[in-house]
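Using the sequences and the accompanying hints, generate a full structural model.
For the protein sequence lines, the chains are A, B, C, D, E and F, in the order given.
In this text, residue positions in the first sequence follow the working numbering: the first is 1, and each later residue adds one.
In this text, residue positions in the second sequence follow the working numbering: the first is 1001, and each later residue adds one.
In this text, residue positions in the third sequence follow the working numbering: the first is 2001, and each later residue adds one.
In this text, residue positions in the fourth sequence follow the working numbering: the first is 3001, and each later residue adds one.
In this text, residue positions in the fifth sequence follow the working numbering: the first is 4001, and each later residue adds one.
In this text, residue positions in the sixth sequence follow the working numbering: the first is 5001, and each later residue adds one.
The set of hints was computed from the structure by calculation and includes no laboratory data.
Don't be surprised by glycine CBs; every beta carbon is placed ideally from N, CA and C.
Incorrect hints may have been included.
From the structure, some residues in chain B lie toward chain A, with a derived Cβ separation under 7 Å [as the list claims (entries may be wrong)]:
no. : residue
1   : Glu-1010
2   : Ala-1039
3   : Gly-1040
4   : Thr-1076
5   : Asp-1079
6   : Ile-1101
7   : Glu-1102
8   : Met-1136
9   : Met-1137
10  : Glu-1170
11  : Asn-1198
12  : Phe-1199
13  : Thr-1202
No more than 30 Å apart at the CA atoms, straight line, and that leaves these computed lysine-lysine pairs for DSS-like [said to hold, decoys possible]:
no. : chain 1 : residue 1 : chain 2 : residue 2
14  : C       : Lys-2156  : C       : Lys-2056
15  : F       : Lys-5080  : D       : Lys-3143
16  : A       : Lys-143   : A       : Lys-156
17  : E       : Lys-4156  : E       : Lys-4056
18  : B       : Lys-1143  : A       : Lys-143
19  : A       : Lys-80    : E       : Lys-4156
20  : F       : Lys-5156  : D       : Lys-3156
21  : F       : Lys-5156  : E       : Lys-4080
22  : A       : Lys-80    : A       : Lys-56
23  : E       : Lys-4143  : A       : Lys-143
24  : D       : Lys-3143  : D       : Lys-3156
25  : B       : Lys-1143  : D       : Lys-3143
26  : C       : Lys-2143  : D       : Lys-3143
27  : C       : Lys-2156  : D       : Lys-3080
28  : A       : Lys-143   : F       : Lys-5143
29  : C       : Lys-2080  : C       : Lys-2056
30  : F       : Lys-5143  : E       : Lys-4143
31  : C       : Lys-2143  : B       : Lys-1143
32  : C       : Lys-2080  : B       : Lys-1156
33  : E       : Lys-4143  : B       : Lys-1143
34  : D       : Lys-3056  : D       : Lys-3143
35  : B       : Lys-1156  : A       : Lys-156
36  : C       : Lys-2143  : A       : Lys-143
37  : E       : Lys-4156  : E       : Lys-4143
38  : D       : Lys-3080  : D       : Lys-3056
39  : F       : Lys-5080  : C       : Lys-2143
40  : B       : Lys-1056  : B       : Lys-1156
Protein chains: 6
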Amino acid sequence: TEAELDSDVERIQLGIDGLDSMILGGIPQRSLISVIGSAGTGKTTFALQFLEHGFKDGERAIYLTLEESREAILSTAEDKGWPFREYVEDDRLAVVSMDPIEMANSLSSISSDLSRLVADFGADRLVLDSVSLLEMMYDHPSKRRSQVFEFTRSLKEVGVTTLLTSEASEESPYTSRYGIVEYLTDAVFVLRYVRTSNFQETRMAVEIQKIRDANHSRETKPYEITNEGINVYQQANLF
Amino acid sequence: TEAELDSDVERIQLGIDGLDSMILGGIPQRSLISVIGSAGTGKTTFALQFLEHGFKDGERAIYLTLEESREAILSTAEDKGWPFREYVEDDRLAVVSMDPIEMANSLSSISSDLSRLVADFGADRLVLDSVSLLEMMYDHPSKRRSQVFEFTRSLKEVGVTTLLTSEASEESPYTSRYGIVEYLTDAVFVLRYVRTSNFQETRMAVEIQKIRDANHSRETKPYEITNEGINVYQQANLF
Amino acid sequence: TEAELDSDVERIQLGIDGLDSMILGGIPQRSLISVIGSAGTGKTTFALQFLEHGFKDGERAIYLTLEESREAILSTAEDKGWPFREYVEDDRLAVVSMDPIEMANSLSSISSDLSRLVADFGADRLVLDSVSLLEMMYDHPSKRRSQVFEFTRSLKEVGVTTLLTSEASEESPYTSRYGIVEYLTDAVFVLRYVRTSNFQETRMAVEIQKIRDANHSRETKPYEITNEGINVYQQANLF
Amino acid sequence: TEAELDSDVERIQLGIDGLDSMILGGIPQRSLISVIGSAGTGKTTFALQFLEHGFKDGERAIYLTLEESREAILSTAEDKGWPFREYVEDDRLAVVSMDPIEMANSLSSISSDLSRLVADFGADRLVLDSVSLLEMMYDHPSKRRSQVFEFTRSLKEVGVTTLLTSEASEESPYTSRYGIVEYLTDAVFVLRYVRTSNFQETRMAVEIQKIRDANHSRETKPYEITNEGINVYQQANLF
Amino acid sequence: TEAELDSDVERIQLGIDGLDSMILGGIPQRSLISVIGSAGTGKTTFALQFLEHGFKDGERAIYLTLEESREAILSTAEDKGWPFREYVEDDRLAVVSMDPIEMANSLSSISSDLSRLVADFGADRLVLDSVSLLEMMYDHPSKRRSQVFEFTRSLKEVGVTTLLTSEASEESPYTSRYGIVEYLTDAVFVLRYVRTSNFQETRMAVEIQKIRDANHSRETKPYEITNEGINVYQQANLF
Amino acid sequence: TEAELDSDVERIQLGIDGLDSMILGGIPQRSLISVIGSAGTGKTTFALQFLEHGFKDGERAIYLTLEESREAILSTAEDKGWPFREYVEDDRLAVVSMDPIEMANSLSSISSDLSRLVADFGADRLVLDSVSLLEMMYDHPSKRRSQVFEFTRSLKEVGVTTLLTSEASEESPYTSRYGIVEYLTDAVFVLRYVRTSNFQETRMAVEIQKIRDANHSRETKPYEITNEGINVYQQANLF
Ligand SMILES: Nc1ncnc2c1ncn2[C@@H]1O[C@H](COP(=O)(O)OP(=O)(O)O)[C@@H](O)[C@H]1O
Ligand SMILES: Nc1ncnc2c1ncn2[C@@H]1O[C@H](COP(=O)(O)OP(=O)(O)O)[C@@H](O)[C@H]1O
Ligand SMILES: Nc1ncnc2c1ncn2[C@@H]1O[C@H](COP(=O)(O)OP(=O)(O)O)[C@@H](O)[C@H]1O
Ligand SMILES: Nc1ncnc2c1ncn2[C@@H]1O[C@H](COP(=O)(O)OP(=O)(O)O)[C@@H](O)[C@H]1O
Ligand SMILES: Nc1ncnc2c1ncn2[C@@H]1O[C@H](COP(=O)(O)OP(=O)(O)O)[C@@H](O)[C@H]1O
Ligand SMILES: Nc1ncnc2c1ncn2[C@@H]1O[C@H](COP(=O)(O)OP(=O)(O)O)[C@@H](O)[C@H]1O
Ligand SMILES: [Mg+2]
Ligand SMILES: [Mg+2]
Ligand SMILES: [Mg+2]
Ligand SMILES: [Mg+2]
Ligand SMILES: [Mg+2]
Ligand SMILES: [Mg+2]
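Now the structure itself:
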């Protein structure tokens, strides 16, 4: 019966070596995915690699960055050997750099523009890097939450597989900065630093916190960022 | 005399394997139940399984979701082999997806609509998934508390067995996000992650924190989420 | 001389087995007592048992509940074998269920109504379950404190032995939610969960934090809630 | 030279057995003293005992209580065998019970009334029990601090040896609730609970945190409250 | 292919002995760099040494200080043997001391002035010491964040290699005081104190937290500040 | 070359035995110094001893106290055998007791009065005891910070060697109460309590956190306060 059930929603791969095999059966298409991690844990790399995997399958994608310039995103991808400039030229990729303050100020109209863009462009995957920078621009918690809620709802309606990167909370690596995206998304990946007690070295580890309707490993596995992107060592242990 | 006392209120089963046997004597019918847990701990699965148990006994139910679409809820249930679409067609189940912002803005009228719906529909069980998303939409703590208080009171008056899912507080897994539902509900179940000290693996454990007027186990037991739903390993130990 | 001093104020018993013998000499009559604990620790059971002890001695009492319906209180008591419905019929008990929001809004007039009721009814014991729900309805800390202060002062003037239940603070089990009742009451009992380090089991333990002008044990003792109410194992140790 | 220096300010004794010998040389007369502790640690007992020591030397005193009735204070003292009612009759003691809300609202006029009362009455010692209840009634931290500051300054000008009791902060037993009196007073005593790790027993311990211009022990010593008041076991160790 | 990719952006050296060799391949030119540390960890020294390295290569630079006088900066540099006064005379260095309050009040106009200055002056490196003092002057978090965001964006557009010093958060040495610069900058260096458990000694350690598009050591290495500036002991261990 | 560099700014001694030898080369004249510690750690004693050292060298000084009366300061100094009254009579010392509320309200005019006083009086050293009491009187963090910033800047311009005492933060002994003075001052000394784990005794320890442009010990050393002032045991260990 598992086979039957799995058949009705198509499942996709992230394209992160070692991590995809920790997800048993893939992530449902058109899901909302969040990647939580503090500065430098590889969220942007994760997001680019996630798109690259789609490109290799002939998909189209939109990258919405609130943190970096269009140029920086393209060159970071190219550094990893992913020909994002070519995708742009081939009209398979749109990289949009948006001002988070403007985005916060007119989120509902931007949200509907984005929905239209996804439809017109025929995007299969979408990235917002990072949702925390958007959240940060609201002063009132309830305003922030209702805005983020409406935004993620509209993304779900559009039906594009979406990855939101989010800063980790200062208190816990398992919680997003404002503690909401992990509840509004279908899948949550946690990237974290683990420091050894003798202050010798800082390692990086990934944990799958949730994937709606899917079985997945609950192990914490080491990963590295290299010239080829993120590599999860599924066979290794952190210590 | 225990038999006599137990006889005057009917007791129901949750339908969670292993957990029902930790509740000695069942949960009083028409109770308010809360399930507290962080993202991915299985609150939605718990709620669906709780309804499924009633359906098997010929009950009727309402599922009020603030987090997911109607469609998502139905397909999650079907993933687990629970024919929720059939229940809907048979008029035994109503799945209502509501906007938490609207719900927060007009809670008292929605509350009375809901009471009417429960009565008209003849619902035996009701789920609100999640109450935290509702609570989140208020800025002033006293407003939030008085609104949630009135809402739970009206549910008690309606007399339908109700399950509220709630996010855990960031500080403690045993406390709900806003620290009020555990006081307003008759039974509290805590779902939590337990991480091993060597960062190897994340386990899931359940504890019954309270059941008004009922004896229950005070042990913490491991559970898993599988294709058949939540399974509590009552015979096993966490470590 | 101890005998002489003890003679001028009458001392009462709580009626909690094992706990009364930890209080050396009883609690002064007409005291204000607070019971602090998180959800499910047995505060309501404690309060009912405290009244039942008085009823057995022919006393009269008022139970003011902000959390539960009148009916729920009566049936909880009856579950424990305490004939509260009979007491009501015999005009020895008044169970009043009040809306905490209304109570917060007009506390001073309710307070004087209550004083009158205590006098007219000839109540010997009074319970407010819980004071936290009242405190919760104020937004400004100084307003909350001054209101709670005035309320407790008026209770002291009425001269009825009063038990206030209070939620514990999220930070410490020894502190009430808003950190004021333990200072305004004459006796403080702390009910708490103690979790074993291997996550096996949750035990319950009671400590007497203060009793004005009385000697008392400073030990922490395990207790259980059974069909007969709260039972403190004064001879046992927690571990 | 020590003898010479000590001679110019008269030094007084607190009257707490065991604690006075931890203060090498006594507390300068007309000092402001604070006693910090959580509920039930014995602050009121400490304050009464401090006055009793003065009465035995023929002094006069004022006890200003914000927490308890005049009657409660008198009977607590008599419970310990200290004839406070006689002192009142002999015009050597004034016990004033004040409403903290009123006190907060008109602190400067009350402050000058108090100064006059101290002068007219010829009071040698003054107690305010507790300053936290006064501080609690202000919403704005700067208002609270400036009011408390002015109040303590006026007490210093009056030149009466004053003891302020203060609740401990929830975070640390060594800090007062609002973190200001320990800086404004000349001597600070900390009363605290120490709980054994096996949850067996709660002990009480005292530490002298500061005494301006005086040498004192820096040891933490156990104490008990008995029918005779507070007794510090200067020879014993806590563990 | 690594060689090819590395070739398109020029990489620079910080000029901190031992630390440059932990950065494999250098920091991309025109990056934004942040140095996070608490008081006295050497942020200002780091910033000066970073400029000195450029001067030795014939570069020009601007030092914008919010904390110290122009004079203090020059003399601190000279103390280390770096002839900053000569650079000023040779028109290769501009040291600007700005009032953080004014800067906060008119950040956008100052920001465009600064961009012009960088262009006119032909500055290769820019230092802002410290961004925390600027951030501190805003009361509303969203205002602070949007201002800092706009400011860093304008620096990126100018295209000057910029180093921002930042105070560490009180909670964690790995987080900046207001938790934003580490996300807005391309490279993050953490300077921290490590205290031995016996309170004997305080050591200083550096960790590279992130460098966009670059490989780097993840070790934590001890460093010292001497007459010659900061020296990282790349071969040594902290313990 | 070290000798050359050290020669251009004159270096002064604090006058605290044992501590001066931990500062290698002295503190630059006209520096701003902060001493951070909780109540009773000896900040006032430190400040007085710092002035006394100057008096012995024929210097002049101003002591600005916000916490104590002029009289209290003079007598505390005399208790330690430092003839402050003589210095006042000889016009070498001005002790000014100021109301922190007034000071907060008109800081900029007081600040310029103070600058003039320093110049007219020819003061070599200045003490403000404590800056926390000033900071405390502001409600808005940005107002507090900008005021304290302007104040310290004006002190730097006056060019008098200044010592600011500051309360420690409740969270960490290494941070000032409001977390700003350690960044605005040139040298930071931390006085702290260290409690032994068996609650036997409280020791006092000092650490030099920073001295701009100077080498210093990074050891934590025990100290005591005696009739002769503060004595740091540079040869001893804390444990
Ligand atoms: N078929 C399955 N097999 C194993 N685990 C599953 C399966 N379906 C769901 N899960 C687990 O359940 C989690 C989601 O449970 P859910 O009830 O939605 O949690 P919550 O509502 O608390 O966020 C997923 O993250 C996944 O770990
Ligand atoms: N008959 C019983 N047998 C065993 N435990 C019981 C029984 N009745 C109630 N309890 C326990 O008492 C708890 C509720 O106590 P209650 O006094 O309502 O707590 P509180 O008021 O502090 O929330 C329940 O959660 C359950 O654990
Ligand atoms: N006769 C007594 N014998 C033993 N302990 C007593 C006696 N009288 C009071 N106590 C203890 O003193 C405590 C109250 O002291 P009190 O000075 O009122 O504390 P606080 O003012 O700090 O709340 C009581 O909780 C009790 O533990
Ligand atoms: N003559 C003395 N002998 C020993 N200790 C003393 C003496 N005088 C003062 N002290 C100690 O110094 C402390 C007060 O120091 P002070 O400089 O006023 O501290 P702070 O200003 O940090 O509150 C007193 O609490 C006491 O412990
Ligand atoms: N070629 C590379 N080799 C090794 N590590 C790299 C390489 N490129 C980037 N990194 C690492 O990746 C980090 C940046 O990843 P990024 O995805 O931008 O993180 P985030 O978006 O979470 O801040 C850098 O700090 C660096 O440690
Ligand atoms: N010549 C020197 N020898 C040794 N240490 C020095 C020397 N000059 C400065 N330091 C150290 O550097 C610290 C100041 O560094 P600085 O860069 O100003 O720190 P920050 O800007 O982080 O506050 C001083 O506290 C001192 O410990
Ligand atoms: Mg990124
Ligand atoms: Mg869910
Ligand atoms: Mg209850
Ligand atoms: Mg008291
Ligand atoms: Mg600096
Ligand atoms: Mg002082």
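| query | Which of the numbered hints are not met once you compare them with the structure shown? | reply | Numbers 1, 7, 15, 20, 34, 35 and 39 - these are the hints that the structure violates, sorted from lowest upward.
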